[in-house]
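Heads up: the protein sequence lines correspond to chains A and B, in order. One point on numbering: in our numbering, the residue at position 43 of the first sequence is 55, and numbering is uninterrupted. One point on numbering: in our numbering, the residue at position 11 of the second sequence is 1393, and numbering is uninterrupted.
Treat the hints with care, as some may be off.
Said to hold, decoys possible - If we take Cβ atoms under 8 angstroms as the criterion, some of the chain A residues that face chain B in the derived model are:
#1 A24
#2 A28
#3 G40
#4 F41
#5 E53
#6 F72
#7 F75
#8 L109
#9 F111
#10 K113
#11 G114
#12 A121
Stated by the list, open to error - With a straight-line Cα cutoff of 35 angstroms, these simulated DSBU-like cross-link-like pairs (lysine-lysine) come out:
#13 B/K1448 - A/K113
#14 A/K113 - B/K1446
#15 B/K1402 - A/K80
#16 A/K88 - A/K113
#17 B/K1446 - A/K93
#18 A/K69 - B/K1396
#19 A/K88 - B/K1448
#20 B/K1423 - B/K1446
#21 A/K113 - A/K69
#22 B/K1423 - A/K88
#23 B/K1448 - B/K1402
#24 A/K93 - B/K1437
#25 A/K88 - B/K1446
#26 B/K1396 - A/K80
#27 A/K80 - B/K1448
#28 B/K1402 - B/K1437
Unchecked claim - Some chain B residues well away from chain A (every beta-carbon gap over 12 angstroms; in silico):
#29 I1394
#30 V1401
#31 S1425
#32 T1464
#33 H1467
#34 E1469
#35 S1477
Hints are computed from structural coordinates only; laboratory data are not their basis. For each residue, glycine too, the CB sits at the ideal point set by N, CA and C.
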Amino acid sequence: GQNIDQPTEMTATEGAIVQINCTYQTSGFNGLFWYQQHAGEAPTFLSYNVLDGLEEKGRFSSFLSRSKGYSYLLLKELQMKDSASYLCAVRTGNTPLVFGKGTRLSVIA
Amino acid sequence: GAVVSQHPSWVICKSGTSVKIECRSLDFQATTMFWYRQFPKQSLMLMATSNEGSKATYEQGVEKDKFLINHASLTLSTLTVTSAHPEDSSFYICSATQGADSPLHFGNGTRLTVT
């Protein structure tokens, strides 16, 4: 079966750094994606990892360890607008993406 | 690039009527599109995979006769919710990808309310 785990909720302070973890157990692996979803809106693509290591894109970075079935999304210099749900998704072969339940991040002043 | 347009953004309909939702890839051809449904505070649930020129592939538990999917061209897929009921009220989101190694891009979603 396919299983993707991420924390349900997190709270962090404006200007701080927060790390959102994702672990997965899937039959096959062909890439891991992170999406941001604000309430009532569709998800927007943040990052894509297919090889081990860190991918940096501005304030956001994503890390992947395939041997551990583990990824994290790192958000730096948090802003209030970063309050959203962050979805971890795995592609297994040619099948559609399998999404985790998402982590609701609340950024407080 | 990779823009996916979904229409309408929201719709309210009476129980028993049908609603059609359109999904278009504006600047790329999508041989495959995906339809998801999301209830409040829950994850995206894949409903079906829409294949251009062939029948859609439905996930377990999704009624193919109730959720009609048509993928008539490389840039357009439609989802029709037939004989809608209040429990069909949800956020429906389509998505498409440019290829196997490309990310999934989502439309803006359609909020359906059945009264």
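Going down the list of hints, with the structure as the test:
Checking A/A24 against chain B by beta carbon gives a least distance of about 20 angstroms; that is not within 8 angstroms, so the hint is violated. The closest approach between the C-beta of A/A28 and any C-beta of chain B is roughly 25 angstroms, which is over the 8 angstroms cut-off, so the hint fails. About 13 angstroms separates the beta-carbon of A/G40 from the nearest beta-carbon of chain B, more than 8 angstroms, and the hint is not met. Interface hint at A/F41: violated, since its Cβ lies 13 angstroms from the closest Cβ of chain B, which is beyond the 8 angstroms cut-off.
Taking 8 angstroms as the C-beta contact cut-off toward chain B, the hint placing A/E53 at the interface holds, the least distance being around 7 angstroms. Hint on A/F72 is violated. Least Cβ distance to chain B is approximately 14 angstroms, over the 8 angstroms limit. Because the closest C-beta pair between A/F75 and chain B is about 17 angstroms apart, greater than 8 angstroms, the hint is violated. Interface hint status for A/L109: upheld, as the beta-carbon distance to the closest one in chain B is roughly 5 angstroms, under 8 angstroms.
Using the Cβ-Cβ criterion of 8 angstroms, the hint placing A/F111 at the interface with chain B is satisfied: the shortest such distance is roughly 5 angstroms. With a cut of 8 angstroms, the hint placing A/K113 at the interface with chain B holds, because the nearest CB-to-CB distance is about 4 angstroms. Annotation: A/G114 was flagged as interfacial toward chain B, and the flag holds, the nearest CB pair being 6 angstroms apart, inside 8 angstroms. Annotation: interface hint on A/A121 violated; nearest CB of chain B at approximately 24 angstroms, more than 8 angstroms.
The hinted pair formed by B/K1448 and A/K113 meets the criterion: a straight-line CA distance of about 26 angstroms does not exceed 35 angstroms. For the given pair, A/K113 sits about 25 angstroms from B/K1446 by alpha-carbon distance, which is consistent with the 35 angstroms threshold. Proximity of B/K1402 to A/K80 is assessed by CA-CA distance (about 43 angstroms); at most 35 angstroms being required, the pair is judged violated. Distance hint between A/K88 and A/K113 is fulfilled; the C-alpha atoms sit about 23 angstroms from each other, no more than 35 angstroms.
For the suggested pair B/K1446 and A/K93, the alpha carbons sit about 39 angstroms apart, so the restraint of at most 35 angstroms is broken. Taking the CA atoms of A/K69 and B/K1396, the gap is about 45 angstroms. The hint is violated against a cut of 35 angstroms. As the CA atoms of A/K88 and B/K1448 are separated by approximately 45 angstroms, the hinted pair breaks the 35 angstroms bound. For the hint linking B/K1423 to B/K1446, the alpha-carbon distance of about 25 angstroms falls within 35 angstroms, and the restraint holds.
As the CA atoms of A/K113 and A/K69 are separated by approximately 24 angstroms, the hinted pair is consistent with the 35 angstroms bound. With a C-alpha separation of about 25 angstroms, the suggested pairing of B/K1423 with A/K88 holds against the 35 angstroms cut-off. For the hint linking B/K1448 to B/K1402, the alpha-carbon distance of about 12 angstroms falls within 35 angstroms, and the restraint holds. Between A/K93 and B/K1437 the CA atoms are separated by roughly 41 angstroms; this puts the pair beyond 35 angstroms, and the hint is violated.
Between A/K88 and B/K1446, the direct Cα distance comes to roughly 44 angstroms. Violation of the 35 angstroms bound is thereby established for this hinted pair. A threshold of 35 angstroms between alpha carbons decides the hint, and for B/K1396 with A/K80 the separation of about 49 angstroms lies outside it, so the pair is violated. A distance of roughly 41 angstroms separates the Cα atoms of A/K80 and B/K1448; the hinted pair therefore is violated under the 35 angstroms criterion. About 17 angstroms separates the Cα atoms of B/K1402 and B/K1437, which keeps this hinted pair within 35 angstroms; it holds.
Chain A leaves B/I1394 outside its interface by the beta-carbon criterion, the shortest separation being 15 angstroms against a cut-off of 12 angstroms. No Cβ of chain A comes within 12 angstroms of the Cβ of B/V1401; the nearest lies about 18 angstroms off, and the non-interface call holds. Listed as a non-interface residue, B/S1425 fails to keep its Cβ farther than 12 angstroms from every Cβ of chain A; the least gap is roughly 4 angstroms. The non-interface label for B/T1464 is consistent with chain A: the shortest C-beta to C-beta separation is roughly 23 angstroms, beyond 12 angstroms.
For B/H1467, the condition that its CB be more than 12 angstroms from all CB atoms of chain A holds, with the nearest at approximately 22 angstroms. At roughly 20 angstroms from the closest C-beta of chain A, the C-beta of B/E1469 stays outside 12 angstroms, upholding its exclusion from the interface. Not every CB of chain A is more than 12 angstroms from the CB of B/S1477 (nearest about 8 angstroms), against its label as outside the interface.
Comparing the model with each earlier hint shows violations of hints 1, 2, 3, 4, 6, 7, 12, 15, 17, 18, 19, 24, 25, 26, 27, 31, 35; every other hint is respected.
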